[in-house]
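Take the sequences, apply the hints, and build the full model.
There are 4 protein chains.
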Amino acid sequence: MDIRPRDDAPRWQRVAYRVIFESDTRAGRAFDIVLLVAVVLSVLAVMLESVHDIAVRYGPFLRAVEWAFTGLFLIEYVVRLLVVRRPLAYALSLLGIIDFLAIVPALAALVLAGSHYLLAIRTLRLLRVFRIFKLGRFVGEGEFIVQALKASRYKIMVFLTAVLTLVVVVGTLMYVVEGGQNGFTSIPKSIYWAVVTVTTVGYGDISPVTVLGQTLASVLMVMGYAIIAVPTGIVTAQMAMPANSAKPAAPVAPAAPAFKQAVCPACQADGHRPDAAFCWHCGQPV
Amino acid sequence: MDIRPRDDAPRWQRVAYRVIFESDTRAGRAFDIVLLVAVVLSVLAVMLESVHDIAVRYGPFLRAVEWAFTGLFLIEYVVRLLVVRRPLAYALSLLGIIDFLAIVPALAALVLAGSHYLLAIRTLRLLRVFRIFKLGRFVGEGEFIVQALKASRYKIMVFLTAVLTLVVVVGTLMYVVEGGQNGFTSIPKSIYWAVVTVTTVGYGDISPVTVLGQTLASVLMVMGYAIIAVPTGIVTAQMAMPANSAKPAAPVAPAAPAFKQAVCPACQADGHRPDAAFCWHCGQPV
Amino acid sequence: MDIRPRDDAPRWQRVAYRVIFESDTRAGRAFDIVLLVAVVLSVLAVMLESVHDIAVRYGPFLRAVEWAFTGLFLIEYVVRLLVVRRPLAYALSLLGIIDFLAIVPALAALVLAGSHYLLAIRTLRLLRVFRIFKLGRFVGEGEFIVQALKASRYKIMVFLTAVLTLVVVVGTLMYVVEGGQNGFTSIPKSIYWAVVTVTTVGYGDISPVTVLGQTLASVLMVMGYAIIAVPTGIVTAQMAMPANSAKPAAPVAPAAPAFKQAVCPACQADGHRPDAAFCWHCGQPV
Amino acid sequence: MDIRPRDDAPRWQRVAYRVIFESDTRAGRAFDIVLLVAVVLSVLAVMLESVHDIAVRYGPFLRAVEWAFTGLFLIEYVVRLLVVRRPLAYALSLLGIIDFLAIVPALAALVLAGSHYLLAIRTLRLLRVFRIFKLGRFVGEGEFIVQALKASRYKIMVFLTAVLTLVVVVGTLMYVVEGGQNGFTSIPKSIYWAVVTVTTVGYGDISPVTVLGQTLASVLMVMGYAIIAVPTGIVTAQMAMPANSAKPAAPVAPAAPAFKQAVCPACQADGHRPDAAFCWHCGQPV
Numbered sequence: 001m002d003i004r005p006r007d008d009a010p011r012w013q014r015v016a017y018r019v020i021f022e023s024d025t026r027a028g029r030a031f032d033i034v035l036l037v038a039v040v041l042s043v044l045a046v047m048l049e050s051v052h053d054i055a056v057r058y059g060p061f062l063r064a065v066e067w068a069f070t071g072l073f074l075i076e077y078v079v080r081l082l083v084v085r086r087p088l089a090y091a092l093s094l095l096g097i098i099d100f101l102a103i104v105p106a107l108a109a110l111v112l113a114g115s116h117y118l119l120a121i122r123t124l125r126l127l128r129v130f131r132i133f134k135l136g137r138f139v140g141e142g143e144f145i146v147q148a149l150k151a152s153r154y155k156i157m158v159f160l161t162a163v164l165t166l167v168v169v170v171g172t173l174m175y176v177v178e179g180g181q182n183g184f185t186s187i188p189k190s191i192y193w194a195v196v197t198v199t200t201v202g203y204g205d206i207s208p209v210t211v212l213g214q215t216l217a218s219v220l221m222v223m224g225y226a227i228i229a230v231p232t233g234i235v236t237a238q239m240a241m242p243a244n245s246a247k248p249a250a251p252v253a254p255a256a257p258a259f260k261q262a263v264c265p266a267c268q269a270d271g272h273r274p275d276a277a278f279c280w281h282c283g284q285p286v
Numbered sequence: 001m002d003i004r005p006r007d008d009a010p011r012w013q014r015v016a017y018r019v020i021f022e023s024d025t026r027a028g029r030a031f032d033i034v035l036l037v038a039v040v041l042s043v044l045a046v047m048l049e050s051v052h053d054i055a056v057r058y059g060p061f062l063r064a065v066e067w068a069f070t071g072l073f074l075i076e077y078v079v080r081l082l083v084v085r086r087p088l089a090y091a092l093s094l095l096g097i098i099d100f101l102a103i104v105p106a107l108a109a110l111v112l113a114g115s116h117y118l119l120a121i122r123t124l125r126l127l128r129v130f131r132i133f134k135l136g137r138f139v140g141e142g143e144f145i146v147q148a149l150k151a152s153r154y155k156i157m158v159f160l161t162a163v164l165t166l167v168v169v170v171g172t173l174m175y176v177v178e179g180g181q182n183g184f185t186s187i188p189k190s191i192y193w194a195v196v197t198v199t200t201v202g203y204g205d206i207s208p209v210t211v212l213g214q215t216l217a218s219v220l221m222v223m224g225y226a227i228i229a230v231p232t233g234i235v236t237a238q239m240a241m242p243a244n245s246a247k248p249a250a251p252v253a254p255a256a257p258a259f260k261q262a263v264c265p266a267c268q269a270d271g272h273r274p275d276a277a278f279c280w281h282c283g284q285p286v
Numbered sequence: 001m002d003i004r005p006r007d008d009a010p011r012w013q014r015v016a017y018r019v020i021f022e023s024d025t026r027a028g029r030a031f032d033i034v035l036l037v038a039v040v041l042s043v044l045a046v047m048l049e050s051v052h053d054i055a056v057r058y059g060p061f062l063r064a065v066e067w068a069f070t071g072l073f074l075i076e077y078v079v080r081l082l083v084v085r086r087p088l089a090y091a092l093s094l095l096g097i098i099d100f101l102a103i104v105p106a107l108a109a110l111v112l113a114g115s116h117y118l119l120a121i122r123t124l125r126l127l128r129v130f131r132i133f134k135l136g137r138f139v140g141e142g143e144f145i146v147q148a149l150k151a152s153r154y155k156i157m158v159f160l161t162a163v164l165t166l167v168v169v170v171g172t173l174m175y176v177v178e179g180g181q182n183g184f185t186s187i188p189k190s191i192y193w194a195v196v197t198v199t200t201v202g203y204g205d206i207s208p209v210t211v212l213g214q215t216l217a218s219v220l221m222v223m224g225y226a227i228i229a230v231p232t233g234i235v236t237a238q239m240a241m242p243a244n245s246a247k248p249a250a251p252v253a254p255a256a257p258a259f260k261q262a263v264c265p266a267c268q269a270d271g272h273r274p275d276a277a278f279c280w281h282c283g284q285p286v
Numbered sequence: 001m002d003i004r005p006r007d008d009a010p011r012w013q014r015v016a017y018r019v020i021f022e023s024d025t026r027a028g029r030a031f032d033i034v035l036l037v038a039v040v041l042s043v044l045a046v047m048l049e050s051v052h053d054i055a056v057r058y059g060p061f062l063r064a065v066e067w068a069f070t071g072l073f074l075i076e077y078v079v080r081l082l083v084v085r086r087p088l089a090y091a092l093s094l095l096g097i098i099d100f101l102a103i104v105p106a107l108a109a110l111v112l113a114g115s116h117y118l119l120a121i122r123t124l125r126l127l128r129v130f131r132i133f134k135l136g137r138f139v140g141e142g143e144f145i146v147q148a149l150k151a152s153r154y155k156i157m158v159f160l161t162a163v164l165t166l167v168v169v170v171g172t173l174m175y176v177v178e179g180g181q182n183g184f185t186s187i188p189k190s191i192y193w194a195v196v197t198v199t200t201v202g203y204g205d206i207s208p209v210t211v212l213g214q215t216l217a218s219v220l221m222v223m224g225y226a227i228i229a230v231p232t233g234i235v236t237a238q239m240a241m242p243a244n245s246a247k248p249a250a251p252v253a254p255a256a257p258a259f260k261q262a263v264c265p266a267c268q269a270d271g272h273r274p275d276a277a278f279c280w281h282c283g284q285p286v
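Chains as they are written, first to last, in full-length UniProt numbering: chain H, 1 to 286; chain A, 1 to 286; chain Y, 1 to 286; chain G, 1 to 286.
Hints listed in this document are in silico derivations from the structure and should not be mistaken for laboratory results.
It is possible that some hints are incorrect.
One copy or two, either will do: identical chains are not told apart, so a pair holds if it fits within one copy or between any two.
What the hints assert, rightly or not - With a Cα cut of at most 25 Å, we get these calculated DMTMM-like pairs of lysine to aspartate or glutamate: (1) K150 x D8; (2) K150 x D2; (3) K189 x E66; (4) K189 x D53; (5) K189 x D24.
Laid out in structure tokens, this is it:
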């Protein structure tokens with residue numbers, strides 16, 4: 001939804017919008033950088049306060065810093081609401097919600113003890129870091145990565161479903177094999193172990209002890225080894241694809257050598273090319 | 001083997017087959033999704049019951065759910081047997097066996113205590129999840145991944161043999177080097193360690209302690225580092241290969257192509273299936 | 001060196017050579033497979049004997065099996081020496097030495113207690129497994145992988161040198177940072193830790209405890225993350241390269257965009273193309 | 001800055017410069033190799049002295065070796081300062097600083113106890129190892145890797161920023177979820193854990209214990225699994241890109257090319273350096 005102020009909006013509103021929401025002016029870029037520094041500093045304050053030794057010494061100072069930033073972000077949030085054409089649309093957008101969540105915990109901490117730690121979600125504001133990639137030469141590069149991931153999203157979803165299924169099946173098997181012992185105390189925990197293993201993280205907080213369990217784990221590891229090739233292959237193939245590959249001369253898209261779903265009405269064979277006019281098996285029209 | 005009911009089979013049988021086994025009708029798709037949800041829910045019930053705290057509280061309820069699903073799957077299995085042309089062919093097919101195994105453990109639990117846990121193999125029914133990829137736009141994507149893995153299968157087998165040999169040789173060496181101590185208590189255990197290491201999982205349940213052992217382990221790790229490039233390279237090269245790269249100028253394709261190389265003698269179209277008997281474009285024999 | 005028997009050698013010698021050393025006859029293939037099974041079985045026997053529980057029960061039987069295989073391999077070794085034209089050339093070849101080492105430990109065990117475990121090197125005979133790839137359709141596939149690795153060997157050596165340097169520098173740094181404690185008890189041990197970390201194995205037997213150490217470790221891990229892309233990229237790029245890319249039309253090899261080493265005599269600029277005739281900087285002949 | 005001695009410098013100075021700084025003469029290559037061996041030996045001495053058992057026995061000898069190398073490097077450093085045209089420019093260059101740092105700690109150890117361990121930074125001199133890649137056939141290979149990484153540097157920076165943000169957000173979340181326990185005692189420590197996890201290192205010194213924590217960790221691991229595809233994809237795509245892919249038909253290269261895109265207006269040659277002022281082929285301005 002278009003949240004830009006109308007052309008007949010007051011001048012201050014249009015200027016403020018330009019500075020706060022856009023980054024194609026000098027002032028806009030400056031605002032972005034100031035905001036970014038503020039976000040990083042406020043996150044740093046929350047982080048440092050969580051360290052016991054630092055909290056003991058500098059606690060009051062850090063809390064003051066947090067309150068100052070909360071105040072600043074509150075003002076910023078109100079101004080954002082004021083300058084947009086549709087305040088509700090902004091407030092309900094992803095960035096709007098994140099901006100809101102960055103203020104709430106501190107305010108909630110006034111009433112509710114402990115909710116203070118929810119300041120942690122302020123870190124989500126770090127996502128604004130990616131605005132700086134709109135500045136200068138990173139545009140194309142960031143775009144390139146996002147584009148490649150976007151183009152691969154269905155393949156990656158299929159892949160993740162396969163991994164998920166594998167992990168559930170193997171996790172359950174290991175629960176049975178290890179007999180609910182050696183850390184494999186429940187199926188969900190065994191699945192957690194399978195994820196830790198297939199992704200090659202391998203904490204070692206849970207690890208198989210029985211001979212059969214170790215054998216099964218070895219098979220899973222080697223499979224994980226071969227499996228890791230798949231997402232890499234997908235993304236790489238996407239990235240290596242020449243940018244101008246979408247020329248009309250290529251009738252079949254290189255990414256998806258899909259087959260026609262319908263079976264041949266004459267011989268029931270399936271697996272036809274998407275553009276097939278005749279059955280590859282019996283030669284009848286499909 | 002063709003398990004579709006004959007054309008002269010009763011109408012209800014042909015309709016039921018269409019709904020249960022195919023997914024190209026509205027009812028067929030709905031059945032697939034209902035079945036999928038049932039499988040996921042029944043697996044979830046088995047999983048939750050394995051968690052001690054949950055079993056104590058909701059045990060009876062979860063067991064009731066499991067029995068309900070077992071009943072449903074039993075009915076489904078019988079119906080499947082009834083509607084196919086050759087019940088035995090279906091019962092002995094991979095999916096048929098999995099469908100059968102999903103019911104048996106619960107029934108066996110009536111007679112045999114403990115066999116209840118074999119419900120775990122019900123998770124194998126999750127493989128039916130992949131049926132949903134037959135719905136909609138995932139077809140080509142899933143096909144693409146499977147195709148690339150299929151075309152790489154011989155290379156991956158050679159690679160896995162090399163890894164297996166490496167792991168046996170290094171595992172045995174480590175057993176000798178560490179002197180049957182520090183967890184390297186037998187050669188199979190040392191091989192298990194070598195698998196854990198070369199796949200970069202690294203639980204740390206067994207790790208070398210002697211200087212020579214740590215040196216040997218370092219060499220293995222760096223090798224594993226270089227080795228991991230191989231399956232990735234294989235799959236990626238396969239995926240990056242343009243679908244229509246099979247131009248006549250290349251007499252020997254560097255990797256197994258998904259399509260028949262020859263062009264149609266009648267219309268010169270290429271991109272035929274490897275087992276095509278007729279041109280997909282003009283219908284002439286190829 | 002040519003070890004094939006002369007054409008005027010006795011017929012039995014030429015036939016035996018064909019069977020034992022080659023695999024292009026029916027008998028040759030059969031011999032290879034029998035030998036392979038024997039190697040796998042003998043390795044299995046050594047492996048099983050190392051497991052304490054099994055050794056207690058089946059120790060005498062397993063030792064008998066080992067002796068039987070040692071006898072067989074001894075006979076095989078002697079026959080190999082008899083049928084080749086130059087016995088010494090075979091005995092000093094890599095495979096010849098491995099074949100010899102597979103017999104020696106068992107014989108040495110007669111005199112020297114403990115040397116029995118050296119049977120482990122018999123596993124090296126497993127390398128003969130790769131002979132089966134000479135049978136059938138694996139030829140091209142295995143060749144493909146070996147070829148890609150061979151073509152990448154200089155790049156991989158450069159890469160490994162870089163990793164080695166990184167690991168020594170970071171390992172030494174960590175030794176100083178962690179102050180010789182928390183497992184970082186010496187520089188070699190710290191380097192071992194760095195290898196475990198940069199390869200993403202991560203046993204956890206040694207892990208940083210100080211804040212500075214954990215920060216440095218984080219940097220190393222993220223670097224390892226980016227670094228792992230390099231060997232994968234090298235091998236993949238090699239594999240994805242079309243087999244017939246070496247056509248005369250391509251004057252500059254795609255793999256090495258090397259620059260001319262000499263500096264321009266006029267302006268001292270370097271970084272010229274290998275085939276440059278003029279300086280890119282000042283336009284003078286180079 | 002040009003640090004080569006002037007043409008009217010004394011002959012000994014020009015010859016010494018040639019030997020010490022260049023490697024295109026026989027003496028220069030010999031000097032490089034001797035220096036390399038000296039660096040490796042001196043680093044080895046420092047390493048060995050850090051091992052307690054070795055230090056107890058060979059301490060005095062190793063310290064003598066270190067002093068000998070320190071003396072040699074001091075002499076070498078002074079000679080380097082003497083032969084260059086601008087000693088300050090060399091002293092302030094990266095290699096100059098490293099050469100200086102390699103001597104200082106040993107000298108400082110005379111005054112200050114403990115600073116002895118700073119000899120560790122002498123390992124940085126190992127970077128000179130890469131000089132040997134200027135010798136012979138490694139030139140192009142090393143150049144190739146560096147070039148590919150250079151061309152990918154902006155993409156890798158974007159990627160690392162994304163990983164950094166992810167790690168901060170997830171680390172903070174885990175701190176809240178695990179409630180400051182189970183090793184997640186502060187946000188920085190939780191971020192350290194997130195780095196260990198997302199890079200698939202997985203020491204296991206800190207690992208989630210709560211159900212929610214393990215679930216979140218599983219998601220992070222699977223994401224890390226998919227994420228690792230990105231840098232690999234970037235570097236591989238860069239490496240797989242044919243060197244002469246810059247055909248006039250492609251107006252915007254998808255990734256930064258190593259060579260200037262424009263063809264020479266005089267002779268139509270392409271493949272110029274990005275900063276070329278003259279054609280490498282015909283010498284005309286480009």
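Okay, the hints, checked on the actual structure:
1. Proximity of K150 and D8 under a CA criterion of 25 Å is satisfied in neither setting, with 38 Å inside one chain copy and 48 Å between copies.
2. In this assembly of identical chains, K150 and D2 lie within 25 Å of each other by CA distance solely inside one copy; the values are 24 Å within and 40 Å between copies.
3. For the homomeric pair K189 and E66, the shortest alpha-carbon distance between copies (20 Å) is at most 25 Å, but the shortest distance inside one copy (38 Å) is not.
4. Taking identical chains as interchangeable, the C-alpha atoms of K189 and D53 lie at most 25 Å apart only when they sit on different chains, with a minimum of 13 Å there against 34 Å within one chain.
5. When the C-alpha separation of K189 and D24 is checked against a cutoff of 25 Å, the pair qualifies neither within a copy, at 50 Å, nor between copies, at 38 Å.
Of the numbered hints given earlier, the model fails hints 1 and 5; all others are met.
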